[in-house]
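Engineer: These are the residues of each chain, in order.
2 protein chains.
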Amino acid sequence: MPLPLTLLNLLHETFPQGAVSTAEVERRAYAHDNSRHAQIPDAVVFPTTHDQVEALVRACREHRVPLTARGGGTSSTGASVPMAGGVVACFTRMNRILRIAPDDRLAVVEPGVTNEALQQALAPHGFFWAPDPGSAPWCAVGGNLACNASGPRAVKYGSTRDNVLGLAAVAGTGESFRAGTHTTKDSTGYDLTRLLIGSEGTLALITETTLKLTPRPAAVRSLRASYTDAGAAARAVARIMAQPVTPSALEFMDALALKLARDHQPEAGVPEADALLMIEVDGEPETLDVAAHAVARAARGDGLTDLVVATDAAQTAALWAARKALSLAQRAATQHKVNEDVVVPVSRLPELVNGVRRLAEKHAVPIVSFGHAGNGNLHVNFLPRDVDEIERAYAALPELFALVIALEGTLSGEHGIGVVKREFMPLALPAATLDLMRGIKAAFDPDGILNPGKLLP
Amino acid sequence: MPLPLTLLNLLHETFPQGAVSTAEVERRAYAHDNSRHAQIPDAVVFPTTHDQVEALVRACREHRVPLTARGGGTSSTGASVPMAGGVVACFTRMNRILRIAPDDRLAVVEPGVTNEALQQALAPHGFFWAPDPGSAPWCAVGGNLACNASGPRAVKYGSTRDNVLGLAAVAGTGESFRAGTHTTKDSTGYDLTRLLIGSEGTLALITETTLKLTPRPAAVRSLRASYTDAGAAARAVARIMAQPVTPSALEFMDALALKLARDHQPEAGVPEADALLMIEVDGEPETLDVAAHAVARAARGDGLTDLVVATDAAQTAALWAARKALSLAQRAATQHKVNEDVVVPVSRLPELVNGVRRLAEKHAVPIVSFGHAGNGNLHVNFLPRDVDEIERAYAALPELFALVIALEGTLSGEHGIGVVKREFMPLALPAATLDLMRGIKAAFDPDGILNPGKLLP
Numbered sequence: 001m002p003l004p005l006t007l008l009n010l011l012h013e014t015f016p017q018g019a020v021s022t023a024e025v026e027r028r029a030y031a032h033d034n035s036r037h038a039q040i041p042d043a044v045v046f047p048t049t050h051d052q053v054e055a056l057v058r059a060c061r062e063h064r065v066p067l068t069a070r071g072g073g074t075s076s077t078g079a080s081v082p083m084a085g086g087v088v089a090c091f092t093r094m095n096r097i098l099r100i101a102p103d104d105r106l107a108v109v110e111p112g113v114t115n116e117a118l119q120q121a122l123a124p125h126g127f128f129w130a131p132d133p134g135s136a137p138w139c140a141v142g143g144n145l146a147c148n149a150s151g152p153r154a155v156k157y158g159s160t161r162d163n164v165l166g167l168a169a170v171a172g173t174g175e176s177f178r179a180g181t182h183t184t185k186d187s188t189g190y191d192l193t194r195l196l197i198g199s200e201g202t203l204a205l206i207t208e209t210t211l212k213l214t215p216r217p218a219a220v221r222s223l224r225a226s227y228t229d230a231g232a233a234a235r236a237v238a239r240i241m242a243q244p245v246t247p248s249a250l251e252f253m254d255a256l257a258l259k260l261a262r263d264h265q266p267e268a269g270v271p272e273a274d275a276l277l278m279i280e281v282d283g284e285p286e287t288l289d290v291a292a293h294a295v296a297r298a299a300r301g302d303g304l305t306d307l308v309v310a311t312d313a314a315q316t317a318a319l320w321a322a323r324k325a326l327s328l329a330q331r332a333a334t335q336h337k338v339n340e341d342v343v344v345p346v347s348r349l350p351e352l353v354n355g356v357r358r359l360a361e362k363h364a365v366p367i368v369s370f371g372h373a374g375n376g377n378l379h380v381n382f383l384p385r386d387v388d389e390i391e392r393a394y395a396a397l398p399e400l401f402a403l404v405i406a407l408e409g410t411l412s413g414e415h416g417i418g419v420v421k422r423e424f425m426p427l428a429l430p431a432a433t434l435d436l437m438r439g440i441k442a443a444f445d446p447d448g449i450l451n452p453g454k455l456l457p
Numbered sequence: 001m002p003l004p005l006t007l008l009n010l011l012h013e014t015f016p017q018g019a020v021s022t023a024e025v026e027r028r029a030y031a032h033d034n035s036r037h038a039q040i041p042d043a044v045v046f047p048t049t050h051d052q053v054e055a056l057v058r059a060c061r062e063h064r065v066p067l068t069a070r071g072g073g074t075s076s077t078g079a080s081v082p083m084a085g086g087v088v089a090c091f092t093r094m095n096r097i098l099r100i101a102p103d104d105r106l107a108v109v110e111p112g113v114t115n116e117a118l119q120q121a122l123a124p125h126g127f128f129w130a131p132d133p134g135s136a137p138w139c140a141v142g143g144n145l146a147c148n149a150s151g152p153r154a155v156k157y158g159s160t161r162d163n164v165l166g167l168a169a170v171a172g173t174g175e176s177f178r179a180g181t182h183t184t185k186d187s188t189g190y191d192l193t194r195l196l197i198g199s200e201g202t203l204a205l206i207t208e209t210t211l212k213l214t215p216r217p218a219a220v221r222s223l224r225a226s227y228t229d230a231g232a233a234a235r236a237v238a239r240i241m242a243q244p245v246t247p248s249a250l251e252f253m254d255a256l257a258l259k260l261a262r263d264h265q266p267e268a269g270v271p272e273a274d275a276l277l278m279i280e281v282d283g284e285p286e287t288l289d290v291a292a293h294a295v296a297r298a299a300r301g302d303g304l305t306d307l308v309v310a311t312d313a314a315q316t317a318a319l320w321a322a323r324k325a326l327s328l329a330q331r332a333a334t335q336h337k338v339n340e341d342v343v344v345p346v347s348r349l350p351e352l353v354n355g356v357r358r359l360a361e362k363h364a365v366p367i368v369s370f371g372h373a374g375n376g377n378l379h380v381n382f383l384p385r386d387v388d389e390i391e392r393a394y395a396a397l398p399e400l401f402a403l404v405i406a407l408e409g410t411l412s413g414e415h416g417i418g419v420v421k422r423e424f425m426p427l428a429l430p431a432a433t434l435d436l437m438r439g440i441k442a443a444f445d446p447d448g449i450l451n452p453g454k455l456l457p
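Line order of the protein sequences matches chains A and B.
First residue of the first sequence: 1, per full-length UniProt numbering; consecutive thereafter.
First residue of the second sequence: 1, per full-length UniProt numbering; consecutive thereafter.
Next comes chain A alone, as it looks inside the complex (with noise of 0.2 angstroms):
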């Protein structure tokens, strides 16, 4: 349905000249995110001002024109992609820093600042912000914020939701509203900062964000492990994980992700193990080989097969080639991979991955199961080759979110709800959860204009 009239004519008014565009060509590249899902929607602006963001709520609000905001489009979960049509308020364009300070351990930056710029920007100050997604170079920190992002480091340093003070937002009713402080403790009220982090656009569109900084480890070291089999190295990261040095990374390999990062990449040393734990530790240089030594210790037990420990540069970067390859062997391996990432307690992780297992072998579709096993937070690639094999992944889905429920597990760790695991959510979440959530939902965005048809079923 075409935009009404008045509504594009103040979009105009609102936004100079190529800031806003109707033409389909553009509409269609405003389409798509990293999921399968698509739908063109009927406008695309691009705000750099809170002003002009405030300016479109009400306007879309006033029409009941559905708004979706945009970061880098990267999401896996169609979390950005206008289901319902209307406008794209793509962000990529509102991107500046507008303060470092690392006396206070802050930065305040405009939503469309990608996660690596900001990285960028904050290391000759000595710090970096926790959330390190695998999209770095694209994703944008309000995307990040949407979706509570992380990534390998949140094992040690948590999540977007742990590592951001406040913000500056507006609501689906138009209202412009200040939540959190410039300070790492608030006891002033409800949390709404925290509320917007993982909302997915549904609740308000952020304009500005106070970020929490870490300062950056003077030095870093890491460990591989090799296992006979995956419920040895699940054990492994419970014992690692009940110990006191706590690890900046603490990656998982099964065996079909080593075999096809070694096929894809023969060169890449990728060790002939049927389970591969990856371990970094980090701290002042003079604490490391006290860091390393705890959880080496930890890492041994049954099933242990090989410990290697990287005492430079080129032995590090040698280390995490398996990892690095299993990206690019995935993507060779088939163009249809259905990725989750679902968590359970750490402790759970052997039952998960022998579960996992079982599904592969019962729907003969092959599944890949690796990430941050630290947090319990596995990502479990489904990778049909076929239309066949294609269908039963689908088909397997709902098993493996019962199967991680039942582990007292959720749906997802980093990647979000979206459209992909929004039928999925009474799975995990009781309906007077549900409920409270509409009634949130309902206060924020009274006409439902704000990204419909994601997150709440």
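Hints listed in this document are in silico derivations from the structure and should not be mistaken for laboratory results.
All of these numbers come straight from a predicted model, not from anything done at the bench.
Among the clues, some could well be false.
As the list makes no split between identical chains, a pair holds if one copy fits it or if it spans any two.
As the list claims (entries may be wrong) - Only pairs whose alpha carbons sit at most 30 angstroms apart, straight line, appear in this in silico DSSO-like list of lysine-lysine:
(1) K441 to K212
(2) K324 to K156
(3) K362 to K156
(4) K259 to K324
(5) K212 to K362
(6) K156 to K212
(7) K362 to K337
(8) K441 to K362
(9) K259 to K362
(10) K441 to K259
(11) K337 to K441
(12) K259 to K212
(13) K337 to K259
(14) K337 to K324
(15) K212 to K337
We have chain A; now place chain B onto it with these hints.
Structural biologist: Relative to chain A, chain B alone:
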């Protein structure tokens, strides 16, 4: 107003003998918390099961009777005083530790367990729960959640909000729900867990919570740095927080705090400085030299007059004696202490300390400043000794809060809002933010029965 008879009957049906009381002598005991406010409830009940709590909320809602949750009653803001009468639900008997899972770094507890009892149960497993309020022996974990409590360790390990994974609760609607997970990562819908933390019992009654545990460091070391003036100490705090070794405590005492401690306990060896920093680092024993060296280097600078590093337990106790003496010294100085826990960004601490000194002079009332400097969270305590000074202290309060807001800080770091800071909320938060909070309140508690008169103005 007396309770409706049908409600009274239901209370007696729901709670066994001894777990419900309408006798005035018992009701009087639950009129107070650690603030200056008091109001006698019409009944007190002592739930021990989730089902009792659900029945209680439903009955109170049906009869539109106020319901106030209470833990140890240690709030200094009036948060657990039943300002509108009605029923107090005292959770002290619902105090079981249901599960301790070291591999998963979590514990599941009922809300009435005291912070200290929990820590004692965790210690043999090599873990602790990060929030460490001064009231730990008496305060309940449920109250810690309600107020987003913390203490000195928050500078490294975070507040309650950073250390809770999930919870079960009964909303003001009477609906039971679960929020969060048993995992350290979760991007599955809106974050109701953190929304409830700091909500002071105005949205729901928490009946169970899953806590994130932290491994106990193997060793700690304390340092004490004395400065010529508060500004020099505050600048040292900023330097310490801008380098990579995060202390596990970074506490400040101003000149009056030191004088009070010295006068009250001359044998405690409190130094003759005008400002003091108490610094603690923790970690593996072999790493403490490096950590202590790093913070000591940052602590040095203009105005440092003395820097002492404790090398054994006796010296550590001696260093902390000044801080310990202060609580008793304040109580000896006056019965009319007005205690605040304002927060500013660390870089603004010098302005806060100077501003507080000007307030003390202008209003001619003693004010002592001390506390969690690493978070910018100072306890600014007015110590009026007579009626005139009490009046002047309360006259100075709005100026203190205005100063804090001007410095980009906020009203409360760890005590919460309750009754005593409620009228100042519009200073800290824009009207639109408060409106959204009211919308959330309406979604959780449409009839406004839960802890009326608190938090939201």
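Engineer: Is it within, between, both, or neither for K441 and K362, if the alpha carbons may be no more than 30 angstroms apart?
Structural biologist: This pair counts as neither: shortest intra-copy Cα distance 39 angstroms, inter-copy 47 angstroms.
Engineer: Evaluate K259 and K212 at a C-alpha cut-off of 30 angstroms and name the case that applies: within, between, both or neither.
Structural biologist: Intra 39 angstroms, inter 36 angstroms, cutoff 30 angstroms: neither.
Engineer: When no copy is specified for K362 and K337, does a C-alpha distance of 30 angstroms or less occur within a copy, between copies, both, or neither?
Structural biologist: Answer is within; shortest intra-copy Cα gap is 18 angstroms, inter-copy 69 angstroms.
Engineer: How would you label the pair K337, K441 (within, between, both, or neither) given a Cα cut-off of 30 angstroms?
Structural biologist: neither (32 angstroms within a copy, 42 angstroms between copies)
Engineer: Go through the copies and call it for K337 and K259: within, between, both or neither, with a Cα cutoff of 30 angstroms.
Structural biologist: within (17 angstroms within a copy, 68 angstroms between copies)
Engineer: If the cutoff is 30 angstroms on CA atoms, where do K259 and K362 land: within, between, both or neither? Let me know, please.
Structural biologist: within (21 angstroms within a copy, 74 angstroms between copies)
Engineer: Classify it for me, K156 with K212: is the Cα-Cα distance of at most 30 angstroms met within a copy, between copies, both or neither?
Structural biologist: both (15 angstroms within a copy, 13 angstroms between copies)
Engineer: Between K212 and K362, at a C-alpha cutoff of 30 angstroms, which is it: within one copy, between copies, both, or neither?
Structural biologist: neither (45 angstroms within a copy, 36 angstroms between copies)
Engineer: Indicate which option fits the pair K212, K337 if close means a Cα-Cα distance not exceeding 30 angstroms: within, between, both or neither.
Structural biologist: Neither: 34 angstroms inside a chain and 34 angstroms across chains, both beyond 30 angstroms.
Engineer: Using 30 angstroms as the alpha carbon limit, work out where K441 and K212 are close: within a copy, between copies, both or neither.
Structural biologist: Cα proximity of K441 and K212: in one copy and across copies (27 angstroms, 28 angstroms).
Engineer: How would you classify K362 and K156 at a CA-CA limit of 30 angstroms: within, between, both, or neither?
Structural biologist: Classified as neither: same-chain Cα gap 36 angstroms, cross-chain 47 angstroms, threshold 30 angstroms.
Engineer: If the cutoff is 30 angstroms on CA atoms, where do K259 and K324 land: within, between, both or neither? Let me know, please.
Structural biologist: within (13 angstroms within a copy, 60 angstroms between copies)
The structure fails to meet hints 3, 5, 8, 10, 11, 12 and 15 from the earlier list, while all remaining hints are met.
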